[in-house]
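Given chain A, work out where chain B should sit, using these hints.
There are 2 protein chains.
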Amino acid sequence: MSASANSAQPLTEGRLGENGFGCVETLPAINDGHGGVIVEMKNAMSPDVFVTLLRASLLQWKHQGKWGVWIKVPIELVNLVETAVKEGFWFHHAEPSYLMLVHWIPETGNTIPPNASHRVNVGAVVLNDNKEVLVVQEKRGRFHGLGLWKIPTGVVDAGEDLFNAAIREVKEETGIDTEFLEVLAFRQTHKEFFGKSDLFFLCMLRPLSFDIKKQDLEIEAAQWMPFEEYAAQPFNQKHEPFKYINELCLAKLESNYAGFSARPVTSYFKEQLSFLYLNSHDLHKSP
Amino acid sequence: MSASANSAQPLTEGRLGENGFGCVETLPAINDGHGGVIVEMKNAMSPDVFVTLLRASLLQWKHQGKWGVWIKVPIELVNLVETAVKEGFWFHHAEPSYLMLVHWIPETGNTIPPNASHRVNVGAVVLNDNKEVLVVQEKRGRFHGLGLWKIPTGVVDAGEDLFNAAIREVKEETGIDTEFLEVLAFRQTHKEFFGKSDLFFLCMLRPLSFDIKKQDLEIEAAQWMPFEEYAAQPFNQKHEPFKYINELCLAKLESNYAGFSARPVTSYFKEQLSFLYLNSHDLHKSP
Numbered sequence: 001m002s003a004s005a006n007s008a009q010p011l012t013e014g015r016l017g018e019n020g021f022g023c024v025e026t027l028p029a030i031n032d033g034h035g036g037v038i039v040e041m042k043n044a045m046s047p048d049v050f051v052t053l054l055r056a057s058l059l060q061w062k063h064q065g066k067w068g069v070w071i072k073v074p075i076e077l078v079n080l081v082e083t084a085v086k087e088g089f090w091f092h093h094a095e096p097s098y099l100m101l102v103h104w105i106p107e108t109g110n111t112i113p114p115n116a117s118h119r120v121n122v123g124a125v126v127l128n129d130n131k132e133v134l135v136v137q138e139k140r141g142r143f144h145g146l147g148l149w150k151i152p153t154g155v156v157d158a159g160e161d162l163f164n165a166a167i168r169e170v171k172e173e174t175g176i177d178t179e180f181l182e183v184l185a186f187r188q189t190h191k192e193f194f195g196k197s198d199l200f201f202l203c204m205l206r207p208l209s210f211d212i213k214k215q216d217l218e219i220e221a222a223q224w225m226p227f228e229e230y231a232a233q234p235f236n237q238k239h240e241p242f243k244y245i246n247e248l249c250l251a252k253l254e255s256n257y258a259g260f261s262a263r264p265v266t267s268y269f270k271e272q273l274s275f276l277y278l279n280s281h282d283l284h285k286s287p
Numbered sequence: 001m002s003a004s005a006n007s008a009q010p011l012t013e014g015r016l017g018e019n020g021f022g023c024v025e026t027l028p029a030i031n032d033g034h035g036g037v038i039v040e041m042k043n044a045m046s047p048d049v050f051v052t053l054l055r056a057s058l059l060q061w062k063h064q065g066k067w068g069v070w071i072k073v074p075i076e077l078v079n080l081v082e083t084a085v086k087e088g089f090w091f092h093h094a095e096p097s098y099l100m101l102v103h104w105i106p107e108t109g110n111t112i113p114p115n116a117s118h119r120v121n122v123g124a125v126v127l128n129d130n131k132e133v134l135v136v137q138e139k140r141g142r143f144h145g146l147g148l149w150k151i152p153t154g155v156v157d158a159g160e161d162l163f164n165a166a167i168r169e170v171k172e173e174t175g176i177d178t179e180f181l182e183v184l185a186f187r188q189t190h191k192e193f194f195g196k197s198d199l200f201f202l203c204m205l206r207p208l209s210f211d212i213k214k215q216d217l218e219i220e221a222a223q224w225m226p227f228e229e230y231a232a233q234p235f236n237q238k239h240e241p242f243k244y245i246n247e248l249c250l251a252k253l254e255s256n257y258a259g260f261s262a263r264p265v266t267s268y269f270k271e272q273l274s275f276l277y278l279n280s281h282d283l284h285k286s287p
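Order-wise, the sequence lines are chains A and B.
Its first residue numbered 1, the first sequence is counted upward by one per residue in UniProt numbering.
Its first residue numbered 1, the second sequence is counted upward by one per residue in UniProt numbering.
In isolation and in its complexed conformation, chain A is listed as follows (with noise of 0.2 Å):
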């Protein structure tokens, strides 16, 4: 048998019990910290292997009060999903490599955590010292074939850091650099994808460079755009979140309108940097 984990914390070894009586494999499991096991399938095993594996993993953390079992099973042993379901296991969450099953052991309803329930976008307002936009016509997505010419917006990756994805965003579709200032705004959206949840953050960012090299693939053309022309298309007129970019950029050329800028914080739990955003202008002490 062949079954293996990242197991920091072995809870089963060998297969002779202490007093010398024979004893059953189980999987190998590290505790999650929450009362429950996560199990990391890394090594190929038959469905029976493994239902028998399993079978004694659960009467050994029924016997110790476990809560939640986690399996990880990567996308090359998918053939034990269907065993695991089987078994009582419910699906948590997949990624492209792995699908993530859960099972709970107590009668008592579950605490399992939900799973990641929102995509997060940006969307780049770059306005140059000649009052003039950076602007981006689509060659595909929802805003193709309308004519608009819109700032440049993306999806902000799990792991980054929301202002490195629009000077991201923005370098890749024209390939001009920038400096984040601020977030202006942002929304929240409902059932965008899948019945999950969308929050676009619309960011404030000086350019540092200024001639244009567009993207081939997904940018039809980009442009400088005196904001007035900008402002002026009839779909920024009609459409009330456009109009809000259009009264948010003006607040700013007028210089009255304080976003959320970013500040570095540690956290308690990890000494991992992370960002804070707020009202810097309005929170006149730092830290």
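FYI, nobody ran anything at the bench for these hints, they're computed from the structure.
Remember, predicted model here, so these are calculated numbers, not experimental data.
A couple of the hints might just be wrong.
[To be verified] With a straight-line cut-off of 16 Å between C-alpha atoms, the simulated EDC-like cross-links for lysine to aspartate or glutamate are:
#	chain 1	residue 1	chain 2	residue 2
1	B	Lys252	A	Asp282
2	A	Lys191	B	Asp157
3	B	Lys243	B	Glu229
4	B	Lys139	B	Glu218
5	B	Lys86	A	Glu82
6	B	Lys191	A	Asp157
7	B	Lys42	B	Glu76
8	B	Lys86	A	Glu76
9	A	Lys86	B	Glu82
10	B	Lys139	B	Glu172
11	A	Lys191	B	Glu160
12	A	Lys252	B	Asp282
13	A	Lys214	A	Glu138
14	B	Lys238	A	Glu271
15	B	Lys191	A	Glu271
16	A	Lys191	B	Asp161
17	A	Lys86	B	Glu76
18	B	Lys191	A	Glu160
19	B	Lys131	B	Glu254
20	B	Lys191	A	Glu95
21	B	Lys150	B	Glu220
22	A	Lys191	B	Glu271
23	A	Lys191	B	Glu95
24	B	Lys191	A	Asp32
25	A	Lys238	B	Glu271
26	B	Lys191	A	Asp161
Frame of chain A; chain B shown alone:
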């Protein structure tokens, strides 16, 4: 054979071709609006039947110039997952009741959109007229055992507006009714949960009731605590994100801080109301 789908635009019909030739049955599919198709598996079938249908379908979709192919497999039909993977599908996302598989037909790089990447949490600052803040001690979780009095916090569900989530969490944990005022700040952190990122929105709410009825399951204790006492807790003095909560509360108490308030907007693509969060204080012109 019993493959069926919610086929608004069925791509295949019947067993006989137009010219009376026999033809191979395929999986019912609907167009996804992006050049691909979606198959929603509904009825039980054997993997043998499924693989025959799937191969015939893939040939047809390739011939039709389709790009992405999505197959939604409910957990009851988990016996079909291995077959789909063997035919070139990979995991896209999963929820407790289903797994979404995807395949890209063209030779070119795929433009399959990524899965949801962020969990969203809210924290609620509820200050009353006596400059007391509503605080709780949790029965479990990472703040348990620290003796920390903290503001109510919780997860925003997919489909839930974050201001409603803040109101709901306060009500659930303390029984206090509140009205949402504004987002004071937000923080993005990474690798919080299976590699996903988190967004935490710090919200300010106004209490509409004052008698605390704490929830028993998760909350050890709840009270109105003088702000100075809350802020003076050693934990809150020591850790940056908590220090910022102190500072932001103080700035609000001194009435010199503008966060982002919520304004309803109507989307262009769907006649659906959503909320835009912006600095209303600074945006003088109302739409």
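Query raised in the report: Looking at the structure, which of the earlier hints fail to hold?
Result: Checked against the structure, no hint fails, so every one of them is satisfied.
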